[in-house]
Each structure stands twice: as C-alpha cells, then as structure tokens.
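Novice: Spelled out, the chains give:
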Amino acid sequence: MSEQITVTVNGDTVSARPAANTLLSTFLREELGLTGAHVGCDTSQCGACVVLVDGKSVKSCTMLAHQAAGTNVTTIEGLAGDGGELHPMQEAFRDNHGLQCGFCTPGMVLSAVDLVSRNPDPSEGEVRSWLEGNICRCTGYHNIVKSIRAAAKVMRA
Amino acid sequence: MYDFNYHRPASATDAAAARKAAADGVYLAGGMTLLPTLKQRLARNSDVVDLAAAGLAGIGRDGGTITIGAMSTHDSVATSSEVQSAIPALAALAGGIGDPQVRNRGTIGGSIANADPAADYPAAVLGLNATVHTDRRDIKAGDFFTGMFETALDDGELITKVTFPVPAAAAYAKFANLASRYAIVGVMAAKTGDGIRVAVTGAAGNAFRATAMEQALAGDFSAAALDGISVDADYNSDIHASAEYRRHLVGVMAKRAVGEIA
Ligand SMILES: Cc1cc2nc3c(=O)[nH]c(=O)nc-3n(C[C@H](O)[C@H](O)[C@H](O)COP(=O)(O)OP(=O)(O)OC[C@H]3O[C@@H](n4cnc5c(N)ncnc54)[C@H](O)[C@@H]3O)c2cc1C
Ligand code: FES
Ligand code: FES
Numbered sequence: 001m002s003e004q005i006t007v008t009v010n011g012d013t014v015s016a017r018p019a020a021n022t023l024l025s026t027f028l029r030e031e032l033g034l035t036g037a038h039v040g041c042d043t044s045q046c047g048a049c050v051v052l053v054d055g056k057s058v059k060s061c062t063m064l065a066h067q068a069a070g071t072n073v074t075t076i077e078g079l080a081g082d083g084g085e086l087h088p089m090q091e092a093f094r095d096n097h098g099l100q101c102g103f104c105t106p107g108m109v110l111s112a113v114d115l116v117s118r119n120p121d122p123s124e125g126e127v128r129s130w131l132e133g134n135i136c137r138c139t140g141y142h143n144i145v146k147s148i149r150a151a152a153k154v155m156r157a
Numbered sequence: 001m002y003d004f005n006y007h008r009p010a011s012a013t014d015a016a017a018a019r020k021a022a023a024d025g026v027y028l029a030g031g032m033t034l035l036p037t038l039k040q041r042l043a044r045n046s047d048v049v050d051l052a053a054a055g056l057a058g059i060g061r062d063g064g065t066i067t068i069g070a071m072s073t074h075d076s077v078a079t080s081s082e083v084q085s086a087i088p089a090l091a092a093l094a095g096g097i098g099d100p101q102v103r104n105r106g107t108i109g110g111s112i113a114n115a116d117p118a119a120d121y122p123a124a125v126l127g128l129n130a131t132v133h134t135d136r137r138d139i140k141a142g143d144f145f146t147g148m149f150e151t152a153l154d155d156g157e158l159i160t161k162v163t164f165p166v167p168a169a170a171a172y173a174k175f176a177n178l179a180s181r182y183a184i185v186g187v188m189a190a191k192t193g194d195g196i197r198v199a200v201t202g203a204a205g206n207a208f209r210a211t212a213m214e215q216a217l218a219g220d221f222s223a224a225a226l227d228g229i230s231v232d233a234d235y236n237s238d239i240h241a242s243a244e245y246r247r248h249l250v251g252v253m254a255k256r257a258v259g260e261i262a
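Those sequence lines, one after another, are chains C and G.
Residue 102 in my numbering sits at position 102 of the first sequence, with consecutive numbering throughout.
Residue 161 in my numbering sits at position 161 of the second sequence, with consecutive numbering throughout.
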C-alpha cells in the first residue's frame, strides 16, 4: 500500500493513498471527479491539463500525485468565487469570445492567471510567448490574447 | 507507467542511500524528461527517488561565483535577480527553455544529468566553465558531457549544485525548434577569467567547444573575426536539420552571440 498524502485542492484538504504511479491529472479527474483538467496529448505538449500548484502553472499529466503532497492545487473548478461569480480571467474569456470548443480553455485560463500574477500588464508579445505551452485548435489565439490582456486590466484596477 | 516504489527523502545523503538500496532506482527531479519516459514504458524502474525535499534548491552569489542548487527550476534561474545581474545570458538561456510550465518544474540538475544533445544548459556549463558538484566529487565542465545522453556521472551519483564563475561578458544565441524550443543549434560565447570560450549545443551528440572560433576571437573579439570559420564536428542530421545546415547555423549563432557583447 502506498503512503498517504495530504493535498489542498481548491481550498479543501484532501487525504488519499494514490498508487505511486498515479499522475496528478488522473488523481484529480478520476479520484476527485475534477474533470476540468483536460488530458489532450498526455505527452507534455498541449497544456490542456494545466493546473496551479502553489500558484505556478504546471502540466498535471507530467507530475505524480505524490509530488503534489503538501501543496496547494487550484483547478479550473476552484477559480470562481464561492458564490459562483466568475474569476476576472474567466469573465474576460467569455466577454471576448476567447474560446470555441472549450477544450483548451481550463489550461489557457490557469496559465494566464500565472502570467498575470507575475506580470500585471503583459504586452501582446509577452502573452503570445507565454502561451508557448498551450495549444488551441479552434480560435487562432487572437481572442485568447485579447481576453488575457482585458482580464489583466481588470485585475490591475 | 509501470508501478514503482516512491521515496521522498529529506536530505541529499538520504536520497543517495535510498537510490543505493533500490534494485533499480532512479532520481526524480522536475520529471519533465523522466515522467514521459516512464509513461511510454521506455524505462521500468523499481524505485523512484524524488529529490524535491532533499534541500537541493537555491541560488546564491559569493563574490565571483554564482551557485545554483541542482533542484533549482529553470523559472527560478530565469527570474533570479542575482543571476540576472551577474550572468544575464544565463538567466535568458533558462527563460528560453521550453514553455512556462516546463520551466516551472524542470531543473538544472535534471537537464545536465539527462544531457540531451539539444538541451540549452550544456552550452552554459561548458561556455562559462562551470563546475558540477556531486555527492562524491567536483567535475569540471570539460569533463562532464561525454556523449549523446552520456555524462561522467557514475551509477547513483547525485548532482548537488553547479557553480558558475561570473564572466566579464557572455551571450547565448539559439536557433530553436519551433515546437519544443529545444536548440537545433545554440551557442554560448563568453569572455571569462579563463579566456574566450565558445560552446555549442544541439549540433552534435554532446555540447562541445569551438576552439577555432575561440582562437580567432582571442585576437579580435568581433563577429567579423568569425568570417570564413567552419567548425568541424560530428554533426547530427535529423528531420529538423541536416548536418550541413547545422554547421552553417553554428557560424550564424556564434556571430549573433559575439555581436551582442563585442
Ligand atoms: C515540452 C518540453 C519542452 C522542452 N524544451 C526544452 C528546451 O527548449 N531546452 C531544454 O534544454 N530542455 C527542454 N526540455 C527539457 C527540460 O528542460 C527538462 O526539465 C530537463 O530535460 C530534465 O529536467 P528535469 O528536472 O525535469 O529532470 P527529470 O526528468 O526529473 O530527470 C531527468 C534525468 O536526470 C536524472 N537526474 C535528475 N536530477 C538529478 C540529480 N540531481 N543528480 C543526478 N541525476 C539526476 C534523473 O534520474 C533522470 O534520469 C523540454 C521538455 C519538455 C517536456
Ligand atoms: S495533456 Fe498534459 S500537456 Fe497535453
Ligand atoms: S477552443 Fe477549441 S481547442 Fe481551444
């Protein structure tokens, strides 16, 4: 039997005994039912599985659940406020048509939250280069970039 | 992924001991290379020894030396004010690796232990004449990279930190693979206490010094001094670039790097 781990997921303390070879993406999706972290490529390329670990964006398909022991994990389900009001980044994606099918969106939004936490006023070029690890097949990125800059403006205010 | 025993030792000594006690153990740093390898079942290890809690992260400056702990992430090197002020080329190199999520997890120790022929850090280790410190000894940059995915590390030897002498000036230029950002060719040019150094990654099986360029630059440190110098090496040829193209890129990237600091 593998060791017990304790992780804070979206503010809740979770104790579990995932097998040593359980990926964080599998743990979130299959053991906790948090299916917002999408598994697109499962090969560290697409960024659909991005979550925040201690505030930093990581690919949850390329991390073991055990590596998350003791950390604070935020998935897309945990971004909105307690009353269900959307996070400014989510609101901006909706207002600016920053998504089409929505598959890449949880990863895009969480990656963008990491960017804006470091750089409150990113230029268009900085947003585009930050999105290196997030692939979108639908939008052509233009409205995603627009959404992120619009959210940054709201978050600065 | 096959199953394995997971360990998270609280010190470097305990990590080395756990690795030694295992039938077929492997260290886990950022996991950016190891986890995909295990997921594809290209490796099957009995024990995975996670270095996250072993106290190997941290960056410091002591006079003319920058010390980077093995578990320091690419992001922490890229955003370190000490590295940015002492060796801006090293901060820029780390900030140009892969994508933000790879930089948030991947580490300098994992990168150089893995010794991918297209990795960026080997150009810095060799070009800046760094020293790789392990739990057993200190390895000079020139002795560390021995072949494609091959290093001087012995079985179970643990990298603890890398020390970089602060150069008078240095610059890194890379021609990146557009998908992964790995170096098709990357060149670090530096004016160091040890003379002019030019180190090339991405081009051959492992990083190497372009000595013909170093000699030309010793007399005249300018991009023009590199005109007509073709560097001989056992160049890689793959779907990304032919050997001839890589040979050409070494000249172009070296001129860009030198031009930045000349
Ligand atoms: C999408 C993607 C893009 C990338 N792009 C680039 C790029 O542009 N440039 C680039 O240089 N790299 C790139 N990488 C590789 C990345 O930099 C990895 O971080 C690096 O290769 C491995 O570091 P790690 O910390 O993740 O090590 P791990 O994957 O955890 O380990 C790698 C190997 O090193 C060994 N090891 C780890 N730490 C130690 C230690 N302290 N002592 C001894 N052995 C140790 C492990 O046992 C393992 O064999 C990319 C990776 C991905 C997934
Ligand atoms: S599913 Fe993790 S990067 Fe694509
Ligand atoms: S909205 Fe469909 S993949 Fe991005």
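Mixed in with the good hints, there may be bad ones.
[Claimed, not checked] Here are the simulated distance ranges between beta carbons: (1) G:Lys140 <-> C:Asp95: 36 to 46 Å; (2) C:Pro120 <-> G:Ala43: 34 to 44 Å; (3) C:Cys101 <-> G:Gly195: 53 to 63 Å; (4) C:Ala80 <-> G:Gly195: 57 to 67 Å.
[Stated by the list, open to error] For the chain C half of the interface with chain G, some residues (derived, Cβ under 8 Å), not all of them: (5) Gln4; (6) Thr6; (7) Ala20; (8) Val39; (9) Ser44; (10) Thr62; (11) Asp114; (12) Ser117; (13) Asp121.
Keep in mind the hints are simulated off the structure, nothing from the lab.
If you're wondering where the values come from, they're calculated on a predicted model, not measured in any experiment.
Each residue gets a CB set at the ideal place from its N, CA and C atoms; glycine is no exception.
Novice: The structure should be examined with respect to each hint, and the outcome stated for every one.
Specialist: The hints, checked one at a time:
no.	hint	verdict
1	G:Lys140 <-> C:Asp95: 36 to 46 Å	57 Å, violated
2	C:Pro120 <-> G:Ala43: 34 to 44 Å	42 Å, holds
3	C:Cys101 <-> G:Gly195: 53 to 63 Å	56 Å, holds
4	C:Ala80 <-> G:Gly195: 57 to 67 Å	58 Å, holds
5	Gln4	12 Å, violated
6	Thr6	13 Å, violated
7	Ala20	4 Å, holds
8	Val39	12 Å, violated
9	Ser44	6 Å, holds
10	Thr62	5 Å, holds
11	Asp114	7 Å, holds
12	Ser117	12 Å, violated
13	Asp121	17 Å, violated
This entry does not satisfy hints 1, 5, 6, 8, 12 and 13, going by the numbered hints stated previously.
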